[in-house]
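Please build the complete structure, drawing on both the sequences and the hints.
Heads up: the sequence lines are chains S and B, in that order. Counted from 1, the first sequence has number 292 at position 70 by the working numbering; the numbering is strictly sequential. Counted from 1, the second sequence has number 255 at position 250 by the working numbering; the numbering is strictly sequential.
The set of hints was computed from the structure by calculation and includes no laboratory data. Errors might be hidden in some of the hints.
What the hints assert, rightly or not - Derived Cβ-Cβ restraints for the label pairs, each shown as a range: (1) A287(S) with N63(B): 27 to 35 Å; (2) Q255(S) with E136(B): 24 to 32 Å; (3) E180(B) with K267(S): 23 to 31 Å; (4) Q315(S) with E186(B): 45 to 53 Å; (5) P109(B) with S353(S): 41 to 49 Å; (6) M196(B) with S319(S): 53 to 61 Å; (7) R102(B) with F300(S): 30 to 38 Å; (8) I242(B) with A287(S): 41 to 49 Å.
As the list claims (entries may be wrong) - Derived DSS-like pairs (lysine-lysine); straight-line CA-CA distance at most 30 Å: (9) K145(B) with K284(S); (10) K145(B) with K253(S); (11) K210(B) with K267(S); (12) K253(S) with K284(S); (13) K125(B) with K241(S); (14) K115(B) with K231(S); (15) K145(B) with K252(S); (16) K267(S) with K94(B); (17) K335(S) with K145(B); (18) K265(S) with K74(B).
Heads up, the beta-carbon is just placed ideally off N, CA and C, and yes, glycines get one too.
Now for the letters of each chain:
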Amino acid sequence: MLWILGDIKKGATSILGEKPAQLRVRYWRKKQQTAWILEEVGKEKLITVGLLVENNQLHQIKVLAFRESRGWEVKEPFFLEQFFQIQLTPELQLDHSIDGISGATLSVRALKKLARLALYYHMQIITQDYSSR
Amino acid sequence: MSKRKHKHVVRNKGRLLPFIKLHRWAGLSSFLLLVLVSITGIMLNHTEELDLDEHYINTQWLQTWYGIKMPEQQNYLKIEDDYFAQVGKQLYFNQTRLPDEDSPLLGGYKTDQFTIIGLKNALYLLTPDGELIEKLDAEKNLPVPVSRIGLSDKKLNAGQLILEVDNKYYISRDEFLTWTEIQAKEFYPLMLDSPVAADTTFYRKAYLGNELTLERVVLDLHSGRLLGSFGVLLMDIAAIVLLMLGVSGTWIWSHRLRRK
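This is the structure we're talking about:
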């Protein structure tokens, strides 16, 4: 369980552009791998996404629930493949650009935010690990 | 102009006159509708830029016209100085909206660490100030459907939260991460307050003000549906008149060309 408080909350707020909806996030961990289920609003409804991070790189991303009426193309592998091995820059941005999909701008934006958030949360877990040693 | 040609023009003009009159009156009568359809059409073409779906109509007569009224499900809960309200699927902590939840509110209480709100299919975990920590549901191991929520002790701070699900009792010992079935010896159910206890004016305004979008009204103005089936018929007639205007205008114009 990761509590989104203090500096972590500030980082998450800068990624999301608003305060995170919840103050604690559940995750699964195996050595340097963490798995996250995160949600973000596309246009009107929540998109639920599963993300697997390993060594600060995104290894897998999957749309688990897409509730919007438009923009479903973000579920397709041709789009999601772009996120493979993507990393976070010190400015909390993705280290390479993601091509958009016309008509799915807001869903693409939501997925990019969630990818950044998962990478950021992963970094916090690893950092907490090192500092507690 | 020769006498013969003059005669031909006068005869032609006489034949055209009813069409010109019809064209004029049809044009004038459908002008307002044409303006309405054009403006609403332009607005609908730019729905996203104009954020039409994010603007809500708060005009009471329009809400009444659309049949928007307060839902049957209205539950209120007062915990110390704070209010929780459930209006339809909308949930509020005082005046802050929480994520929506359809299932009915059952009760809640406050400890030094948490404010806990129980619903049939979800549990809201908040800070004492009302900031959402986590919404728990079946996907997060919450046993559902909860029929009652209660405490193991009469004193709020001493008691542990107990969920009653299908006549079984569940308790969490790890800050609501997992739930264990127990044999509850004592169970003090938490109850709701009557709506009278809460100031319902805000919730009424908040609920009704979040139902009717500007996009829906513009769309209905465009199609005529704002006036029901009569409005649709009116727009159909206006569309036919517009078509006829095009035809009659072209016909009159071609006759005048020939005349020259």
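Verification of the hints:
1. A287(S) with N63(B): 27 to 35 Å: Check passed, 32 Å falls within 27 to 35 Å.
2. Q255(S) with E136(B): 24 to 32 Å: This hint holds: roughly 30 Å between Cβ atoms.
3. E180(B) with K267(S): 23 to 31 Å: holds, 29 Å
4. Q315(S) with E186(B): 45 to 53 Å: Roughly 47 Å apart at Cβ, these two residues keep to the hinted range, so it holds.
5. P109(B) with S353(S): 41 to 49 Å: holds, 45 Å
6. M196(B) with S319(S): 53 to 61 Å: Cβ of M196(B) to Cβ of S319(S): about 55 Å, so the range 53 to 61 Å holds.
7. R102(B) with F300(S): 30 to 38 Å: holds, 37 Å
8. I242(B) with A287(S): 41 to 49 Å: holds, 45 Å
9. K145(B) with K284(S): holds, 19 Å
10. K145(B) with K253(S): Holds - the C-alpha atoms of K253(S) and K145(B) are around 23 Å apart, at most 30 Å.
11. K210(B) with K267(S): With a Cα-Cα distance of about 23 Å, the restraint between K210(B) and K267(S) holds, given a limit of 30 Å.
12. K253(S) with K284(S): holds, 21 Å
13. K125(B) with K241(S): It holds: about 27 Å lies between the C-alpha atoms, which stays within 30 Å.
14. K115(B) with K231(S): Holds. K115(B) to K231(S) sits at ~24 Å (cutoff 30 Å).
15. K145(B) with K252(S): holds, 20 Å
16. K267(S) with K94(B): It holds: about 14 Å lies between the C-alpha atoms, which stays within 30 Å.
17. K335(S) with K145(B): holds, 23 Å
18. K265(S) with K74(B): holds, 26 Å
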